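J.: So the protein lines, in turn, are chains A and B.
Here the first sequence is numbered in my numbering, starting from 1 and rising by one per residue.
Here the second sequence is numbered in my numbering, starting from 1 and rising by one per residue.
Hints listed in this document are in silico derivations from the structure and should not be mistaken for laboratory results.
Each hint should be verified, as a subset may be incorrect.
[As the list claims (entries may be wrong)] Derived BS3-like pairs: lysine-lysine, alpha-carbon spacing no greater than 27 Å straight-line:
| # | chain 1 | residue 1 | chain 2 | residue 2 |
| --- | --- | --- | --- | --- |
| 1 | B | K66 | B | K95 |
| 2 | A | K85 | B | K95 |
| 3 | B | K66 | A | K85 |
| 4 | A | K149 | A | K26 |
Nothing here was measured: the structure is a model prediction, and the numbers come from that model.
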Amino acid sequence: MTGRQIMTADEIRRATIRISHEIVEKQAGTAGLALVGIQRRGVPLARRIAEAIAEHEGVTLPVGALDITFYRDDLSLVAQQPLVKGTDLPFDLNGATVVLVDDVLYTGRTIRAAMDALVDFGRPQAIRLAVLIDRGHRELPIRADHVGKNVPTSREEIVRVHLAETDGEDGVDIERLVGAVAEPVAG
Amino acid sequence: MSLAVPDGTGIDLPPVVASSAPGNSAPVRWGHRHLLDLDVVSWPEIELVMQTTDAMREVLARPIAKVPVLRGTGVTILFYEASTRTRVSFEVAAKNLSADVVNIAAATSSVTKGESLVDTIRTVEALGADMIVIRHGTSGAPYLAAEHFGGSILNGGDGWHAHPSQALLDLYTIRGNLPGGPDLHGRKVVILGDVLHSRVARSNIWSLTAAGADLWLCGPSTLLRGFERWAASLAEVPGHGRFTVTADLNAALRDADVVMALRLQRERMSGGLLPSLREYAARFGLTLDRLALARPDVLVMHPGPMNEGVEIAPEVAVDPRSVITDQVTNGVAVRMALLYLLAGAAGKAPEASGG
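So that you can see chain B by itself, here it is in the shape it has in the complex (with noise of 0.2 Å):
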């Protein structure tokens, strides 16, 4: 089993595991049972996770939008924390693999009489499960998923961790709408808001510095803590793609080829680290004056669910330059393509040779 155990919960500084050298055209597998998070992943798996999107697209856009790729795997959805967008899509993902799909939401389950992770982690394997797609708060909490159970985890969100499949879809979504084509190298791409909370902003980080993105962190200095250290330990490592960590709004914005605001996260704000929402939006909220900053041909991208008028101006979220309902449908075939390989590393999916 090669599991891969975080040295801590994101503002650590994990292992650079990450290629910095796309363009490579040699045929990659897909080489993890698990998907936990990015670090571990190499650019050419993420390239190799775009293609299989864009056959899983393919899919999508049949009049039978199902294959039998995954008939007779079972796929257990178990999420301790709310969602809408990332639960219902890996459903439907799965669904349209033709695999059998069971949902557990921890509030309605036995976790409420106190079974612990590892306890329901053993009772969905002897259920029959194949894979299983966690959300957890507690960051870590798929690792240790994954050393209790014999077959796939796939990390839907835990904590401020990680939430790989979103960095995924983001960067799908960036590489299908870029004005002048999918090639990341050198566009500045901004992260824009509480930085601190978003498990979205740190597996983004993994991903679009492997795509050698000039990457940029803005938000309050209080939302940005532990990000400097993180880029300079980065930019201590020959040829891997660095960040850039700032206060500075207009710094940030100027000349933009794509704008990410982050959820402000109120549920994990512990005292102290913001005035008010009024001052945040204030001073941080992504509007249309502020979006004129950035190249005209801007992309707005948002992880959802959106505060509008917080983090995000209205007429900006449905400004023609927002890709986010993209996002979202992108993360159903993002997801189609994540399943497919992680079945085929776990030995659940089709070999090359035969008649």
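Bound-form chain A, shown alone (with noise of 0.2 Å):
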């Protein structure tokens, strides 16, 4: 297995910035912005774009955390389950403009599971989504209003985010697989 880099901290970093801008360039304001991150690295990426925002904006969003694990269409295809990390939405959807953030687009499964999941907490007026890596490969309808980086990538390989939160450093990479059984990814 190889890997190498496609991302650097700091091209992370700008990106972030990037997207926080046209989040609320598209919303024409902050007004009824409200950030959900997919656990788990989308929850970090939420939190800084709110973080960006809040020191261009001086408006501090609600930020919120969505585990899309009991929503997953994908039932009885593997023999395991991921450990439930939580959902946190601490702050009424109805009439909110929801951000979806999470750090990888691929098929939009995940995406399909979380809008399903967000409708039972309320009647959003909008829902849009912020991604950092957008793989391509889409099997659903689906795609994002704010894109860090577009990476044409095969399915043999994995895309892997790592956030300082949740892993030590800021950096993305992508790996070929050969031969070998894919681990689970996030995305």
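Assembly of the complex is requested from the two constituent chains, each provided in isolation within its own frame, with the hints serving as guidance.
T.: If you want it as structure tokens, here you go:
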């Protein structure tokens, strides 16, 4: 298995700040905005975007965490389940513009599950999507509104996002599997 | 199929598998297709149940307390003995996870026409059950069911032998309410009363010793038969928790952190074990006076249903130190966690990868 870096810590920082500007620009302000990170690495990314918005707009947006384990559609495919990391949405979703935040957009199934989960909590006025990496290979009609970096990949590759909060340091690697069994990856 | 078969029915000595090393932070997978008893469940797996239960409590607190994780999974609840809280809480738990629930009460089923347990299990499987929650008056019946069922068996209580979901909700309730935090190491937990007939006590022995509690079993010596031998055998296992067996109520209650009163199981009582209910209540009933021996912040528990005025005084049951209603509430969340984890082990739950 060989890995090569496709984003450095600085590039992640710049992409996060750019996304934070795009989110505010698209909303024409910060009114009604809320950020919801998808467990696990979407959560620190959502916090970083909120911090960047607080810095340039002077407004602290509500940030939530969403665990989509109970909403996945791939039941019965694999005989194991991830540890449930918990959902915490400490604000009213009704009427809010919710920006879902995740590290990697791949098949789109995580986002489908996240939207199902969100609507169980209320009726947002709109749901948008911000991701650090879009690696293609969508299996559902889903696209991101804000993308840190588009990365063409093959299905035999694994994109690994490392964040200081969860992994000790920032960076994005791409690895090609050589006859190896795919380990679970976020995305 | 990794089916665990018991050596006996509880009083005998099953092999000690449970690890007594809490604090293992390595990721743990639930490794059992069935939940028959806690003797084969490791401490890290018990902690996984506790963590998953936390997530289920969050689900229960939502405006819509329902998630689709077990959509399309058939759960059959097959009870050969009377039950309110266990049956209803398994049913509510399964419905909260969007499973399709079928209830069978043996009294109104073909069991009354002489259908055998194995035939019933095969019939239920043919009708589409993926999981069966079974309660049976015969110790070991769920093990027999597991041999003939292609899905998962959850033991909802068998004879005197085991009631693992009750023991797990008891542990969860203790950890969530114990002053000073959830670590049970060195904390004195007393199980009081009809230990002999109690599947709740037997399953609790596995989980509470694995948790490191200073466990005491107390009751009339006629209702403690066989447990000293069990305690002695555990004491020979290095690093494993142990328990104390005594008929001395005052010694047991002194400075206790948790007192769990057991229901006196009159329907299982054969002659000669007790002189009379009145004498039992007078000598072993949990009263406010006796509770004064325990720590001031003691937790009072009871698995229900209670014989108030026999094993527990009515005013103790409703005392602020009682967490008996917490036990019932936590029962739903714990059973949601168990259904979810067992469905995963049987290949009916989500994978971690994807997009």
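J.: Going through the numbered hints above, which ones does this structure break? Give me the numbers in ascending order.
T.: none
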